[in-house]
Amino acid sequence: MAGITADKTLDTSGLNCPLPVLKTKKALEDLQGGQILEVISTDPGSKADIPAFCQRTGNELLETVEEEGKYIFYIRKKA
Amino acid sequence: MPSERFAIIASKGTLDWAYPPLILASTAASLGVETAVFFTFYGLNIIHKEKIKHLKMSSVGNPAMPMAFPPSVKKTPIAGQLAGLIETLLPGPPQIMGVIPGMTDFITSMMKKTMKDHGVASVEELVELCKEAGVKMIPCQMTMELFGYKYEDLIEGLEPPGGAATFINYVLEADKPMLLFV
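Same order as they appear, the protein sequences are chains A and B. Per the numbering used here, the very first residue in the first sequence carries number 1; after that it's consecutive. Per the numbering used here, the very first residue in the second sequence carries number 1; after that it's consecutive.
Keep in mind the hints are simulated off the structure, nothing from the lab. Fair warning: this is a prediction, and the values are worked out from it, not measured in the lab. A portion of the hints provided could be inaccurate.
Said to hold, decoys possible - With a cut-off of at most 27 angstroms between alpha-carbon atoms, the simulated DSS-like pairs for lysine-lysine come out as follows: (1) A:K26 to B:K136; (2) A:K26 to B:K56; (3) B:K150 to B:K53; (4) A:K47 to B:K113; (5) B:K49 to A:K26; (6) B:K112 to B:K74; (7) A:K70 to B:K75; (8) A:K70 to B:K116; (9) A:K23 to B:K116; (10) A:K70 to B:K12; (11) A:K23 to A:K8; (12) A:K26 to B:K112; (13) B:K131 to B:K112; (14) B:K112 to A:K47; (15) B:K150 to A:K26.
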């Protein structure tokens with residue numbers, strides 16, 4: 001596991017494109033700038049889609065962890 | 001004036017073809033791009049209060065459709081084995097099967113079940129997500145009149161009905177316009 005402490009966790013397990021991205025965007029709205037969101041996804045498409053979302057929206061993707069068919073993303077909200 | 005505008009023309013009203021415009025629009029808006037969908041011809045059914053609940057699809061004229069049984073059916077003992085056998089024998093539902101009464105409803109319900117099993121959102125959910133993400137949804141004035149749809153027959157939260165010229169002008173005003181036809 002990454003040594004990152006998230007301020008909020010979003011579990012999108014079982015959901016498919018485009019729901020992980022849409023829910024990530026919504027979850028980030030509840031956070032303050034600089035806070036960290038942890039997103040759990042089982043959608044293989046999110047491996048590329050979450051980084052694309054972060055690149056586009058200026059939120060920082062700190063780390064991606066892959067384990068047992070799960071992708072865990074740590075995203076720091078844009079200040 | 002936003003520098004980028006992503007616009008989609010949704011012209012089809014079957015269950016399968018309702019997905020691409022809604023998925024792309026909700027995602028683009030979530031990525032912070034100003035996004036609009038122009039619903040024209042059968043695409044109007046996607047934003048029609050009643051018709052959105054009954055979008056269907058058919059095997060007829062749809063040879064690309066795979067023979068896909070919902071995972072939950074495939075896990076059932078006997079029905080699952082039968083489904084597996086049919087899938088091995090046939091690449092898709094034979095066109096001729098489309099004439100059997102009730103086949104369209106059957107195929108539609110199988111597709112809905114498959115999508116649910118795979119965690120794919122329903123059309124109604126995606127329309128709500130589009131609204132939440134700020135997608136501008138514009139019904140086509142001309143086809144509304146052609147089909148006899150009134151503005152109040154359509155779902156809440158839409159832009160006023162518009163014409164082709166208004167829509168194209170709206171898209172091309174941006175520095176980076178993008179237009180997609182579905």
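Here's how the hints hold up against the structure:
1. A:K26 to B:K136: holds (18 angstroms)
2. A:K26 to B:K56: Violated. A:K26 to B:K56 sits at ~30 angstroms, over the 27 angstroms cutoff.
3. B:K150 to B:K53: holds (17 angstroms)
4. A:K47 to B:K113: holds (25 angstroms)
5. B:K49 to A:K26: holds (25 angstroms)
6. B:K112 to B:K74: holds (15 angstroms)
7. A:K70 to B:K75: holds (23 angstroms)
8. A:K70 to B:K116: Between A:K70 and B:K116 the Cα gap is close to 20 angstroms, so the pair holds against 27 angstroms.
9. A:K23 to B:K116: Holds: A:K23 and B:K116 sit about 17 angstroms apart, inside 27 angstroms.
10. A:K70 to B:K12: violated (35 angstroms)
11. A:K23 to A:K8: This hinted pair holds, its Cα atoms lying about 13 angstroms apart.
12. A:K26 to B:K112: holds (25 angstroms)
13. B:K131 to B:K112: Distance ~22 angstroms between B:K131 and B:K112 Cα, so the pair holds.
14. B:K112 to A:K47: Holds. B:K112 to A:K47 sits at ~25 angstroms (cutoff 27 angstroms).
15. B:K150 to A:K26: Given that 27 angstroms is the threshold and the Cα spacing comes to 32 angstroms, the pair is violated.
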